[in-house]
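Undergrad: If you want the building blocks of each chain, they are given just below.
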Amino acid sequence: MMRKLNVFNFITLNGYFEGPNHDISWHKHGGEENKYSDDSLKADGILLFGRRTYEMMYSFWPTPMAAEMFPETAKGMNKSEKIVFSNSLKKAEWNNTKVIGGNIVEEMRRLKKTKGKDMTILGSGSIVSLFAEAGLIDNFEIMIDPIAIGNGTPIFNGIQHKLDLKLTDTRTFKSGVVLLSYKLF
Amino acid sequence: MRKVIFAINITVDGYADHTSGIVDDELHRYFTRLLQNTDIEIFGRNTYNLMYPYWHDVAMNQSETEVTNEFARTFDSIPKIVFSTTLKSVEWNNTTLLRSNLQEEIVKLKQQPGKSISIGSISIASQLTQLGLIDEYYFVVHPIVAGKGRRLFEGWEIGNQLELMDTQNFKSGVVALHYKKNRKLNVKGGLV
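Chains as they are written, first to last, in my numbering: chain A, 38 to 222; chain B, 5 to 196.
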């Protein structure tokens, strides 16, 4: 059984995962959504990021503020095994984090063939597009916030081929957020 | 008072492209049911040209599956208003062509008794959203990443005002998300 590559992202109804200047302040982080993140982290997979998402996460999760605001999530994030895909970053300072550069599609193909934990990409629009285009993503967890924003960066931006997905689960949150889970058809 | 509704097929990545969805009986049945609670359909020129003569012909010739034919008959029979400054005339039965005053027309129609008013065009739905005039939204999400097409509400916003009413899963993997507007829009110059 090959290890799985999963994507988790939250988006607006019109498909943006971030607004101008990487704004994600529109996303609802209610109690239920946080519990969902915490439960996902307990599955003890490997977390994957692009460099920009990595830097954003690293600037927050190891801080005392994060420990106070989201104790469970912060513990999970800091403890989890992490990979950041980057050619410019030489070394990652965050606990338990490895840097992979070079041809990251080939690196991922190779990685998926090795034994090990399942992997989940958080945020990281450009590597999501890259891996999706290469057909390397097995499961898609898409959280849709009940809003639309005028512009920003669309999820799967720049993808050249249509992807057909198979719905595996849906879940609704009290906030009006809907989680749609798919696998590659 | 009448409700104004907007129902639209979209992909997971937020495109509202009519060419990339999964069209089957279950989807047609869903839209037929929405139309059965509607007694005015509002279009712009583009949507009008997409819908006519195609659906009128299906309604007349009954040339598709039973479910699709029923959708076509229901759609064909509903009174329609087309807002366009460039169309010379409209041929479809029960159809009125208007040149301007979208906001006033919708406000006037809302105050009349009757079934729902359904918006069948993204650009009109965007304008009416900004004016706070749409009461309920049906986003019908297809299990597809399209990667291109026309983005839903490009350049327009819906702020923090939608309440999730229900969701419905189809066998095809399509998920219909039904929202109600629960707070007044706070848009400068808009009608609330």
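Rather than coming from a laboratory, the hints here were simulated on the basis of the structure. Do not take every clue at face value.
[Unchecked claim] Subject to a maximum C-alpha distance of 20 Å in a straight line, what follows is the list of computed SDA-like cross-link-like pairs (lysine to any residue):
1) B:Lys175 with A:Glu69
2) A:Lys211 with B:Ala180
3) A:Lys220 with B:Lys175
4) B:Lys184 with B:Asn65
5) B:Lys152 with A:Asn194
6) B:Lys184 with A:Leu216
7) A:Lys65 with B:Leu168
8) B:Lys152 with A:Glu170
9) B:Lys175 with A:Leu167
10) A:Lys199 with B:Ser176
11) B:Lys185 with B:Glu167
12) A:Lys211 with B:Lys175
13) A:Lys211 with B:Glu167
14) A:Lys65 with B:Asp170
15) A:Lys211 with B:His182
16) A:Lys150 with A:Asn43
17) A:Lys41 with A:Ile83
18) A:Lys65 with B:Gly163
19) A:Lys220 with A:Leu167
20) B:Lys185 with A:His64
21) A:Lys211 with B:Gln165
22) A:Lys65 with B:Thr171
Undergrad: Hints numbered earlier in the text: which of these fail when held up against the supplied structure?
TA: 1, 4, 9 and 12
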